[in-house]
Amino acid sequence: MENDKGSPEAPIRSPGSDQIVGFDDGVMKQSGSSFQMMVPNGNDVGSPIDIPSHQTTQSVSISIPQSPLDAKRVFFKDKDSPARNLNFGCEIDETGPEKTPDRLTTPVKNPRMDAMKDNRYNSFKTWSGQLERQLSVLRGKSLPRNDPEINPPQNIQGESLSADRYFDALQGPELETLRPSEEIMLPEDKKWPFLLRYPISSFGICLGVSSQAILWKSASTAWTHFIHISLRVNYILWCISILLFVVVASTYLLKVIFYFEAVRREYYHPIRVNFFFAPWIALLFLAIGIPQDLHAHLPHWLWYVLMTPILCLELKIYGQWMSGGQRRLSKVANPSNHLAVVGNFVGALLGASMGLKEGPIFFFAVGLAHYTVLFVTLYQRLPTNETLPKELHPVFFLFVAAPSVASMAWAKINGSFDYGSRLAYFIALFLYFSLVVRVNFFRGFKFSLAWWAYTFPMTGAAIATIRYSIEVPNIVTKGLSLTLAIAATVTVTGLLITTIVHAFVLRDLFPNDIGIAISGQKPKAQRKWYRRNTCGSAKDIEHQVNSGEKVVQVPVISSGLGVAVRVV
Amino acid sequence: MENDKGSPEAPIRSPGSDQIVGFDDGVMKQSGSSFQMMVPNGNDVGSPIDIPSHQTTQSVSISIPQSPLDAKRVFFKDKDSPARNLNFGCEIDETGPEKTPDRLTTPVKNPRMDAMKDNRYNSFKTWSGQLERQLSVLRGKSLPRNDPEINPPQNIQGESLSADRYFDALQGPELETLRPSEEIMLPEDKKWPFLLRYPISSFGICLGVSSQAILWKSASTAWTHFIHISLRVNYILWCISILLFVVVASTYLLKVIFYFEAVRREYYHPIRVNFFFAPWIALLFLAIGIPQDLHAHLPHWLWYVLMTPILCLELKIYGQWMSGGQRRLSKVANPSNHLAVVGNFVGALLGASMGLKEGPIFFFAVGLAHYTVLFVTLYQRLPTNETLPKELHPVFFLFVAAPSVASMAWAKINGSFDYGSRLAYFIALFLYFSLVVRVNFFRGFKFSLAWWAYTFPMTGAAIATIRYSIEVPNIVTKGLSLTLAIAATVTVTGLLITTIVHAFVLRDLFPNDIGIAISGQKPKAQRKWYRRNTCGSAKDIEHQVNSGEKVVQVPVISSGLGVAVRVV
Amino acid sequence: MENDKGSPEAPIRSPGSDQIVGFDDGVMKQSGSSFQMMVPNGNDVGSPIDIPSHQTTQSVSISIPQSPLDAKRVFFKDKDSPARNLNFGCEIDETGPEKTPDRLTTPVKNPRMDAMKDNRYNSFKTWSGQLERQLSVLRGKSLPRNDPEINPPQNIQGESLSADRYFDALQGPELETLRPSEEIMLPEDKKWPFLLRYPISSFGICLGVSSQAILWKSASTAWTHFIHISLRVNYILWCISILLFVVVASTYLLKVIFYFEAVRREYYHPIRVNFFFAPWIALLFLAIGIPQDLHAHLPHWLWYVLMTPILCLELKIYGQWMSGGQRRLSKVANPSNHLAVVGNFVGALLGASMGLKEGPIFFFAVGLAHYTVLFVTLYQRLPTNETLPKELHPVFFLFVAAPSVASMAWAKINGSFDYGSRLAYFIALFLYFSLVVRVNFFRGFKFSLAWWAYTFPMTGAAIATIRYSIEVPNIVTKGLSLTLAIAATVTVTGLLITTIVHAFVLRDLFPNDIGIAISGQKPKAQRKWYRRNTCGSAKDIEHQVNSGEKVVQVPVISSGLGVAVRVV
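Protein chains in written order, with UniProt numbering: chain A, 1 to 568; chain B, 1 to 568; chain C, 1 to 568.
Hint data in this document are derived by calculation from the structure and do not stem from the laboratory.
Keep in mind that the hints are not guaranteed to be accurate.
Lysine-lysine pairs mimicking DSS-like chemistry, simulated, CA-CA at most 30 Å apart [to be verified]:
hint : chain 1 : residue 1 : chain 2 : residue 2
1    : C       : Lys-316   : C       : Lys-357
2    : A       : Lys-478   : C       : Lys-316
3    : B       : Lys-357   : C       : Lys-478
To give an idea of the chain C side of the interface with chain A (calculated C-beta under 7 Å), a few residues [claimed, not checked]:
hint : residue
4    : Leu-315
5    : Met-322
6    : Arg-328
7    : Ile-361
8    : Phe-362
9    : Val-366
Fair warning: this is a prediction, and the values are worked out from it, not measured in the lab.
Glycine is no exception: its CB is placed at the ideal position from the N, C-alpha and C atoms.
This is chain A alone, in the form it adopts within the complex:
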């Protein structure tokens, strides 16, 4: 694989890389590698046909060093990321040019290719874009031939990324940012098709707005002798919520139809999966917030219809927590998991409001058990919970959601705002306080659509406070309910403005959704070290081991003996 041109002085390890001294035998085992010869001067002698094609086959370039002295620095780097479109690999002598020239890694831009035809996105399309092509045929358009170049070999269908891959490749509290060492499967330098950039977290907007509709519905009935809030506010907000939901949902439906593989990758994303609860919770919110003059009684079947997908998702997600593969709770615990729990309480609240009895208690019980597990786990902050943000973040407001809604749900189930409801409400209130006093939680965080989901708990707390102020009517509770209601509305309004600015002014509301485009495999050098690693702190050690390692190159004068020892 590599020609050591007989240089006897070749050092056995190059500084700065992680691989162990010696020929990485992994390289030799790679079947189907296309070897591409390069002279150090950079003349790419690879076949030009490679450029537009998508190769999963690994290509390893071997540079023939010009002088025997250079040979000392030859080492192998095996990059088996299938996402790269070109021949790459084996950069020889990285001490030379710092980076492989981009013309080698980025495809030659074909001006005729527009984004929809750019077959780099094909792997994320439903049936690799065949559906789209059929639709094109129906519209009478001519179809490019289904040649190998267009149907990329590295079809990701059927391949489900492991949770570890997401944790390894991404960072940030929402696992949305690529780690420096990673590569993505889609072009980084241009905007992807809209649907590919449209995340499931968009349903957060529906959560935020429809919970406001509930808030002002509650306020208008509760504060009759205090402040007069017209029922019209609820009506308008509810109509906006309905409209918003239709728009958001139908757009996402298009994504499901055209980019099913991207949806599947969102579903496997350890954080993003929790947002799959958002559409159903938003529907529950719409049902709870329905204006009084619109409904006499919501039909019972509606509740069952809405709760079925939530139950199915829960059986899936909670089962993953417990049954313990890679998605076990000690690994994926993140405040966004609250989204997976709060649906139980919202459902219980709606069901109890409708007059159901056993169903709401069922979901309340399931929610209680799993909220306890989640609450303890998140409070502990296990060392394995890598994704938990170091500092406070709007996501922490999700802590407030479940107990707020639980207190109202229990009050509905039980018929009165009793001790159980109060316990839940006061826990929510304390957590709210606990977050509010940490004033620096908005600092240094990039706005993202997911924030919408993080604000509905504020509204939930405000609604619960209104409910509590009905039970304990005095100046403090009324003042508190007013304050929280205003805070929630101001936050939602602020977020709305931010969203509009991002959508129409900065035009970056939907940036490239890096989280779904990570490559299936890690760059080789790191995989060697991190492969079976689960414990966060353990990773820290390794990090130290790596960073602390030193190549002690002992200068040998008399005997010609070179001992290269990696001291850890």
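Go by the hints and put chains B and C onto chain A.
Here is chains B and C on its own, set in the frame of chain A:
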């Protein structure tokens, strides 16, 4: 033991072994070691009397290399596993024959020795078999002289294996399989005496059958207007249960009498210890399932008698969880711990049925506190919980047991199936669903007696559902109760058939109980690395560290000096 | 600082130190270091004025080796502990004199300097002692000039030690003992000023005594028909408690005034911070235990005044647990955290006794949520909980405190000792039993003032049992309440005697408070290894790695080259 064929090319380190090149000073410090000289040609000059005797004394063979050059590569390997029957040690150059010849490690079979006289089992016998010998004397048999060969020096009495030893040496969800690198103290190639193979988990059968008696007792009273179930079913099942319990218990009692050391090792087994709750829970089941026409009122003292051992065991086991030596919960957490908790609820149920008040609440409280701890811990799946099976396994059904029984117990205590009972019941129901939808949980698992203990939760859930269907009588609840009852009965029947097949056809119902026969110490090379290790992930690192280690053999040209450095 | 006596045999690595051979580049980057040249003959050319002064500037001595051959073995040792009073650093050849002569490291004793003037303590004083100097001026005393030597540059103000520092530098269940490798900032060989040695845990005495006042108040009202206990006992104990609190609190107030930096360091101490709840809990105890003839009704504002600091502390401490920096719960979990939770229940009990409703439920809810988290976490004994004592320790009695008080608080809130109260009470009782049966928990532990805080739970359990025996009056409960009351009183009496002996006979009640005097940075060699480490087990590995390391000194014959490689 192994022949260094004088080959000068013998590498100084054999692949796959972990020890450091050089003289392991631990070897020299071993007091009482008998050094046995070997010439490299492999003539074992050890005394032939060694062969049948059991030596705990460590024997280290030193090979005298043939050339002074070889001397540099001599290294020691200290295997202090007391189970080996022969002199061994110091394998030089393991790259020779792949495996140590069996004739050296297995004793020469003495056809006169039968299993009961085979003094290799003596160390597991009560007082090292002295009780048995005394009984033999009573029966007038001649007794072999109590010479050193028969009374093995490596008496394991008083030696309590650490929990770490069990985790290190065993694997599998029930810690019943030996890891490849480990050795056991008893002969692997033949069947041990029956009592040694008879595990405490046999009481699981009693749990399974006696819970069926309760199920059909409940069904016969609940379904009077639905399906007529004769009380005779309960009666028959209860009688079978009693009979079964007597058989199982008296057999185990024999084990306690004759193989107390084996019982003690079961008690120290981190998973098996939970099964020590099984006899008492089975007795509680028998008391609950007693046919109506047999008892007017069970006497109160019976409850106190039954709960005393449970309380004592709990004080011991829960104390171990909390007080944090090696058996701390983050280490030993396993679904089988539910057995240690469910007794509280079963006891509370029986006590409340008897009309007691404070005692049942006491056990209910204790159970609730520890169930919460256990539920959260198991749901989190801490990285330290090594023994938790990766995939689903019947053991997970134990999750369902505690909340099922708790709901009934609370209903009895409280006098009505109120919200508390429903919360517990619905949690059980959800967990049941959650397990049922994962259909692949029976795949690839070897049947074991412990499965019986894993099925009584199904029966418990069925009974709780019957209780619930009395409270909420409609077609859904009645159908559900019928379904669950049938599922439980079918499962128990299936297990019964499997057990009978294993017992009488395959004759492997009681395989050698590897779990109790592990040696007290790890093979030396590994112990050095794993000794104080508790964190599973940390172990992973070490594993990588180990596997990543390489012997850098520096080619020395001028000085003729070979420096072998283990670089980690 | 130390003389290399020119011995050519100096090994390149001193035993017991961890640093890697070679030039530690960290040394050279230290800005502000004063380089002090030494000739190998040991003439210290450092200015004598250095000796009494406190220098934060790091001084690195470089020895000029006598022969070029020696140059290979020169290495640096960077000791950046700011506590040392003298120039030091770069000890070359530590195999010379075993210990650096004391005359160099300890200041020349100035008999005129008394402890209050000893400016080594200045850094712990409020505004570095400026307050004190101002007070001196007010008293008309002459003031030493504020020259650099007196105002030490290593002012620790504003520097908040990380939690990791405390864990790294200290050991023991209360993190009060210095690890062998660490250094402290204050002189170890003499007694510090009293206020510096006076810890916040002194409030534990108030907890112990004032809870006794409550106990005998309860007993005198409960046991009227059983044993007659005069109300005078309560009266006397309460007065003692008040007096004690005034003394303890005013003394600590002096510490706050004069040694605010020491208080701040106690506040950052991961274990000690929990004792900051003690003063307020003691005040609550005083309010609860107030003799009946003294108060008609305590005013409501008193409750709000007392609960405000508790709420503020909780917002801070619980927020640290959750928001996850270094003080996250999985890291700092320790039974002493119960002190941070029990205040909620004590406050709820007092508030409910006063007739308040919502406030007590609020604190009860907050306490319940966080007690659940804490209970589960402590029971699990995560591998990251380094500070949890391996064996049982009086601190474990804090487990009993929260459920005991919670049961009484709930009974007050609810108006009756119902199921909720009983569940809490029985949990407390079981935990109490569980601790009592482990009889060896007093063995091998050094008495400390903190023990007082560990005994009030016994009193709490006794009071709860008295409350329970009112509810369920029979011989068992009355006997139990009497037994527990006696046990608590005997323990408190015994502790009182021990304390008096330590205070007046042994005169070591307040030893030097090592915990607050740790240096801000680890000795360099270790910091490299432990820096970002959080997982306890990971630390274990490192420990092994460290202890397993060997210096392989390759004897080089032909070339005369000594290669020292630290093989890990």
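So, going through the hints one by one against the coordinates:
no.	hint	in the structure
1	Lys-316/C - Lys-357/C	holds (25 Å)
2	Lys-478/A - Lys-316/C	holds (27 Å)
3	Lys-357/B - Lys-478/C	holds (17 Å)
4	Leu-315	holds (5 Å)
5	Met-322	holds (5 Å)
6	Arg-328	holds (4 Å)
7	Ile-361	holds (5 Å)
8	Phe-362	holds (4 Å)
9	Val-366	holds (5 Å)
Checked against the numbered hints listed earlier, the structure breaks none of them; every hint is satisfied.
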